[in-house]
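S.K.: Residue strings, one per chain:
There are 2 protein chains.
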Amino acid sequence: MSYRAPVAEMAFVMRHVAGLEAAVAEGLYGDLTTDLVESVLEEAGRFANDVIAPLNRIGDRHGTPLKDGQVTMPPGWKEAYAAWTAAGWNALPGPEEYGGQGLPTLVAAACSEMWNAAAMSFGLGPLLTMGAVEALDKHGSPELKDRYLAKLVSGEWTGTMNLTEPQAGSDLGVLRTRAERAGDGTYRITGTKIFITYGEHDLTDNIVHLVLARLPDAPAGTRGISLFLVPKILPDGTRNDLRCAGVEHKLGIHGSPTCTMAYGDNGGAIGWLVGEENRGLACMFTMMNNARLNVGLQGVAIAERAYQAALAYAAERRQGRAPGWNGEGMSPILEHADVQRMLLTMKAYTAASRAICYLTAASLDRARLCPEAEGRRRAGERASLLTPVAKAFSTDIGIEVASLGIQVHGGMGFIEETGAAQHLRDARIAAIYEGTNGIQAIDLVNRKLPLSGGETVRAEIAGMWSVLRRVTQKGGPGFGLTAPRLRGAVESLDRATSFLLAALGAGEQDRLLAGATPYLRLFGLARGGVSLAEEALAAQAAIGAGDNDPVQPGRIALCRFFAENLAVAAGGLEEAVMTGGDFGADARLALAS
Amino acid sequence: MSYRAPVAEMAFVMRHVAGLEAAVAEGLYGDLTTDLVESVLEEAGRFANDVIAPLNRIGDRHGTPLKDGQVTMPPGWKEAYAAWTAAGWNALPGPEEYGGQGLPTLVAAACSEMWNAAAMSFGLGPLLTMGAVEALDKHGSPELKDRYLAKLVSGEWTGTMNLTEPQAGSDLGVLRTRAERAGDGTYRITGTKIFITYGEHDLTDNIVHLVLARLPDAPAGTRGISLFLVPKILPDGTRNDLRCAGVEHKLGIHGSPTCTMAYGDNGGAIGWLVGEENRGLACMFTMMNNARLNVGLQGVAIAERAYQAALAYAAERRQGRAPGWNGEGMSPILEHADVQRMLLTMKAYTAASRAICYLTAASLDRARLCPEAEGRRRAGERASLLTPVAKAFSTDIGIEVASLGIQVHGGMGFIEETGAAQHLRDARIAAIYEGTNGIQAIDLVNRKLPLSGGETVRAEIAGMWSVLRRVTQKGGPGFGLTAPRLRGAVESLDRATSFLLAALGAGEQDRLLAGATPYLRLFGLARGGVSLAEEALAAQAAIGAGDNDPVQPGRIALCRFFAENLAVAAGGLEEAVMTGGDFGADARLALAS
Numbered sequence: 001m002s003y004r005a006p007v008a009e010m011a012f013v014m015r016h017v018a019g020l021e022a023a024v025a026e027g028l029y030g031d032l033t034t035d036l037v038e039s040v041l042e043e044a045g046r047f048a049n050d051v052i053a054p055l056n057r058i059g060d061r062h063g064t065p066l067k068d069g070q071v072t073m074p075p076g077w078k079e080a081y082a083a084w085t086a087a088g089w090n091a092l093p094g095p096e097e098y099g100g101q102g103l104p105t106l107v108a109a110a111c112s113e114m115w116n117a118a119a120m121s122f123g124l125g126p127l128l129t130m131g132a133v134e135a136l137d138k139h140g141s142p143e144l145k146d147r148y149l150a151k152l153v154s155g156e157w158t159g160t161m162n163l164t165e166p167q168a169g170s171d172l173g174v175l176r177t178r179a180e181r182a183g184d185g186t187y188r189i190t191g192t193k194i195f196i197t198y199g200e201h202d203l204t205d206n207i208v209h210l211v212l213a214r215l216p217d218a219p220a221g222t223r224g225i226s227l228f229l230v231p232k233i234l235p236d237g238t239r240n241d242l243r244c245a246g247v248e249h250k251l252g253i254h255g256s257p258t259c260t261m262a263y264g265d266n267g268g269a270i271g272w273l274v275g276e277e278n279r280g281l282a283c284m285f286t287m288m289n290n291a292r293l294n295v296g297l298q299g300v301a302i303a304e305r306a307y308q309a310a311l312a313y314a315a316e317r318r319q320g321r322a323p324g325w326n327g328e329g330m331s332p333i334l335e336h337a338d339v340q341r342m343l344l345t346m347k348a349y350t351a352a353s354r355a356i357c358y359l360t361a362a363s364l365d366r367a368r369l370c371p372e373a374e375g376r377r378r379a380g381e382r383a384s385l386l387t388p389v390a391k392a393f394s395t396d397i398g399i400e401v402a403s404l405g406i407q408v409h410g411g412m413g414f415i416e417e418t419g420a421a422q423h424l425r426d427a428r429i430a431a432i433y434e435g436t437n438g439i440q441a442i443d444l445v446n447r448k449l450p451l452s453g454g455e456t457v458r459a460e461i462a463g464m465w466s467v468l469r470r471v472t473q474k475g476g477p478g479f480g481l482t483a484p485r486l487r488g489a490v491e492s493l494d495r496a497t498s499f500l501l502a503a504l505g506a507g508e509q510d511r512l513l514a515g516a517t518p519y520l521r522l523f524g525l526a527r528g529g530v531s532l533a534e535e536a537l538a539a540q541a542a543i544g545a546g547d548n549d550p551v552q553p554g555r556i557a558l559c560r561f562f563a564e565n566l567a568v569a570a571g572g573l574e575e576a577v578m579t580g581g582d583f584g585a586d587a588r589l590a591l592a593s
Numbered sequence: 001m002s003y004r005a006p007v008a009e010m011a012f013v014m015r016h017v018a019g020l021e022a023a024v025a026e027g028l029y030g031d032l033t034t035d036l037v038e039s040v041l042e043e044a045g046r047f048a049n050d051v052i053a054p055l056n057r058i059g060d061r062h063g064t065p066l067k068d069g070q071v072t073m074p075p076g077w078k079e080a081y082a083a084w085t086a087a088g089w090n091a092l093p094g095p096e097e098y099g100g101q102g103l104p105t106l107v108a109a110a111c112s113e114m115w116n117a118a119a120m121s122f123g124l125g126p127l128l129t130m131g132a133v134e135a136l137d138k139h140g141s142p143e144l145k146d147r148y149l150a151k152l153v154s155g156e157w158t159g160t161m162n163l164t165e166p167q168a169g170s171d172l173g174v175l176r177t178r179a180e181r182a183g184d185g186t187y188r189i190t191g192t193k194i195f196i197t198y199g200e201h202d203l204t205d206n207i208v209h210l211v212l213a214r215l216p217d218a219p220a221g222t223r224g225i226s227l228f229l230v231p232k233i234l235p236d237g238t239r240n241d242l243r244c245a246g247v248e249h250k251l252g253i254h255g256s257p258t259c260t261m262a263y264g265d266n267g268g269a270i271g272w273l274v275g276e277e278n279r280g281l282a283c284m285f286t287m288m289n290n291a292r293l294n295v296g297l298q299g300v301a302i303a304e305r306a307y308q309a310a311l312a313y314a315a316e317r318r319q320g321r322a323p324g325w326n327g328e329g330m331s332p333i334l335e336h337a338d339v340q341r342m343l344l345t346m347k348a349y350t351a352a353s354r355a356i357c358y359l360t361a362a363s364l365d366r367a368r369l370c371p372e373a374e375g376r377r378r379a380g381e382r383a384s385l386l387t388p389v390a391k392a393f394s395t396d397i398g399i400e401v402a403s404l405g406i407q408v409h410g411g412m413g414f415i416e417e418t419g420a421a422q423h424l425r426d427a428r429i430a431a432i433y434e435g436t437n438g439i440q441a442i443d444l445v446n447r448k449l450p451l452s453g454g455e456t457v458r459a460e461i462a463g464m465w466s467v468l469r470r471v472t473q474k475g476g477p478g479f480g481l482t483a484p485r486l487r488g489a490v491e492s493l494d495r496a497t498s499f500l501l502a503a504l505g506a507g508e509q510d511r512l513l514a515g516a517t518p519y520l521r522l523f524g525l526a527r528g529g530v531s532l533a534e535e536a537l538a539a540q541a542a543i544g545a546g547d548n549d550p551v552q553p554g555r556i557a558l559c560r561f562f563a564e565n566l567a568v569a570a571g572g573l574e575e576a577v578m579t580g581g582d583f584g585a586d587a588r589l590a591l592a593s
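Chains as they are written, first to last, in this note's numbering: chain G, 1 to 593; chain L, 1 to 593.
Bound-form chain G, shown alone:
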């Protein structure tokens, strides 16, 4: 049940995959040092392990009951949240002019992984607040910023994103919540929003809702949506005209209240415009892009926690005698090859998805901080390319790894008290919210492949080839078939990419949309496998330099397992993209019953 933040592993990925050392050397992060980063991670890890992790089970059991419009958070959560904000953790990535520590997104990403691994329902609240901070920082008026940003950055107040309505989910163009100009520069908001995470709670005195709504004279569709800031408590201290009308009974993340929010029961909730009228979707996408990476990190987080629990159980639980077991009595199930396969699969997938997410975070940093405009542009496009992969691949992995975690536990895994089942229940939402994984895949093929006329994805693949050349040249015997297997995966990605770019050029939407999901998975396998190879090469270099830590050969072995057992799915995915997507005309026939 316990969680120990894998701080050393996180730091290793930051250095050798996400380019932390290079970025520090270039001065990208100012006077930040890798030592300072590691000490931040150490401290965050302690807080996550000691204070947040114990909340996980409590949140699952107690849920967030709603009574008379008030949501009660689970026991201990309010105190933990207060301690967490007091220690400055909410402010970690926030802008310095509003009291934030302005630390790199890369560091914030690792911390975000820890909070979410310790208790995903706990980590989810600040994830939304962080999105609100970004949207407000980029698009808010000076007045709004002065009034709200400092308190959102510190975590004294929390933020929400109000997009979904019953008829408007993936398609926001049809949302109906109305906003009317009050004549004094404010607006009156009326409508119902659903699935509002942390829409109501008792952790803080105020909640700052960012709400998408439509002005009376707005054009139809997505070009007629505006973004409003609608606080629960108005500046004069009175309650705004909004309430929580319901809390969902969900499969998982029971500690996170998912609210139906009713705006304007009594004439309209008072709201302030964020950004320009009818440009709300663009503002919202500012928050969603970062939120997508953070949801990807939730996938990594839950996978890591599920893996740790399964490993601990497998080391303790004894059944049968594995071949070669020389100990007394039954061997720990960890000695059985099939259990090892499950655990290695869990750990390798987790490591691969972490590498992709950290790489995305580092690209976001570079897009903001690189001194050259061209460097910023390229990094920005790289981050854009990787974001849907980080979100969808990692959250799919979160589900698969959590499910394997149950399997390792055998019958005990099905019993709720064990805790393994909660991980699967919690993980399941991450593939859905902040844009379903199908939407991510479509975003990848339709919006991200065409970036710079295909040059961005070409450059990403070229980078993979350069790592693989190093593996071929330098990889020692421990690498096994790493080089040929990863070459196979990147070749598949290469061909599938050319195929989809050609389809884009020819306007063949059918092929793009039908192949999007297997293509994203293929991308994740190749990028993840190559990143593990970078780790393995760094580990080999460390061994060569005299490092005797057994974790180093372990990194090589894990990379090898990934290449030989998981990356080998690439060929089948390539075929699904290139020749499997032709089902359009037949789909209706096959699905008719």
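You may find that some hints are simply not true.
Since copy identity is lost for identical chains, a pair holds within one copy or between any two.
[Unchecked claim] Simulated pairs of lysine to any residue, SDA-like, Cα-Cα distance not exceeding 25 Å:
(1) 474 to 588
(2) 151 to 217
(3) 474 to 585
(4) 151 to 321
(5) 67 to 548
Since the hints were made in silico from the structure, they are not lab data. Keep in mind it's a predicted model, so treat the numbers as computed, not measured.
Using the hints, position chain L against chain G.
M.R.: Below, chain L alone, put in the same frame as chain G:
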């Protein structure tokens, strides 16, 4: 939320994959006709749809509370069970000399799928009773049979299997429950069993427990285990010395009470030996083999129900405008290619696993009913070979399809009221109980591949080749790349099989155990794909004969989707078996933290 038994599809699979027509023509099933089989399916389908399906949600919400040793089943369950047994459904596969209808296992399998799809927690009880019937019928003394079989066959009483103890799960050799000879031919049983499905309930007046225990002078390990019949109510009407000491709080199947059973608090529960002393495990395997097929059918069942729910939702829910959508406003999400891919994946996997299970059932029938001894032997070995695939492949598919079902529902899928989440929660146990899927894979490579010196698996693969020759020769344009893709999958299976048979011959347990799980998946993909091709060929023949039902080209399209998008995973699985299983020495390194 509703379920409609896919009776026509079931009958089609029986005829064209499981060889029902051939078996009827050979007289294997006596005077049973295909018409009669179909009318049984129709009636079972009506009962499942109308009476059992509504119990599913109720069972999930109410659970099975335990108070003062008594378990209360959810509202309406007792009445439904009584109606179900009164209609003769429990007796369907039972031996005729004890009031059963003696219908083929193939027919019973289809019915079992229906009960479990309608409500898996409901279907689970009779599944256990059926296992008890078999064990007793095969191994019980005439006296025990006379006393218990008729009531178990009719369902007036239910049966249980008591294997697991806290320290003895997959490894039954270490179980500790004791049995002492009372001197009067009976035994006194003392010990605690866990995870006992339907160990206590209020559906029937009596519950017949089959309990594995160890005699005082028994040899250690699995050769010292005996099987006892221990009824809740003794023949004289008094309570036996056993009680339900707890009911588990589980991830799913809330309507099925999972009990801790305490035997012999007051000196020992009275039990009767089934079979010979110290030969209990062999008797128990009699029930487990059939139970394994039935658990595989639970995987098919939950996949079918999850698919139906997702399809209905996708036809109704509107979001966005799919390319080519000419209707008004937003298109049903069913029109979106990525949603079609999910639904086709769900349907194709479900159909493939159904085909494997029905084929296994038909082989069990032939093993029992074939007039020639050699035919019985061969069919018996075929059933043995297919059983672990039917169990593990189908239950993995159950989980994957249920998870996809949530994804199709988007945010609504995560809300418990929708019902999609329950399918995933319920499905998750089937990969664990009756031998985890890892145990199935090990059984497949270690016990089933060597059958008849490898001839049994070679014959199975030869049968696949003969279907593929027909596809190559006769498959029309609608088959697309079905032939080459399925050839690729069967070639992969062929090579992986030769590799494992060689490893068996060389006594290389490491390779076998490490490759078992990907090999089983590969087997399922190849066997499932080939079975869908048999359906597609039959559909093409029907079209050629003038059948205008759109379901026929739909079958061809579904087979093609499976071949082009799912069977293509075979190559990667082959590599995982042949070159990925070499992690033994490295696993401990990679898993060290």
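S.K.: Each hint: holds or not?
M.R.: Verification of the hints:
In the homo-oligomer, the alpha carbons of residue 474 and residue 588 lie at most 25 Å apart only across protomers (24 Å), although the nearest pairing inside one protomer, at 51 Å, exceeds that limit. In this homomeric assembly, residue 151 and residue 217 never come within 25 Å of each other (Cα to Cα): the closest approach is 33 Å inside a single copy and 74 Å across copies. In this homomeric assembly, residue 474 and residue 585 come within 25 Å of each other (Cα to Cα) only across copies, at 22 Å, whereas the closest approach inside a single copy is 49 Å. In this homomeric assembly, residue 151 and residue 321 never come within 25 Å of each other (Cα to Cα): the closest approach is 58 Å inside a single copy and 41 Å across copies.
In this assembly of identical chains, residue 67 and residue 548 lie within 25 Å of each other by CA distance neither inside one copy nor across copies; the values are 58 Å within and 58 Å between.
Hints 2, 4, 5, counting from the list given before, are not met by this structure.
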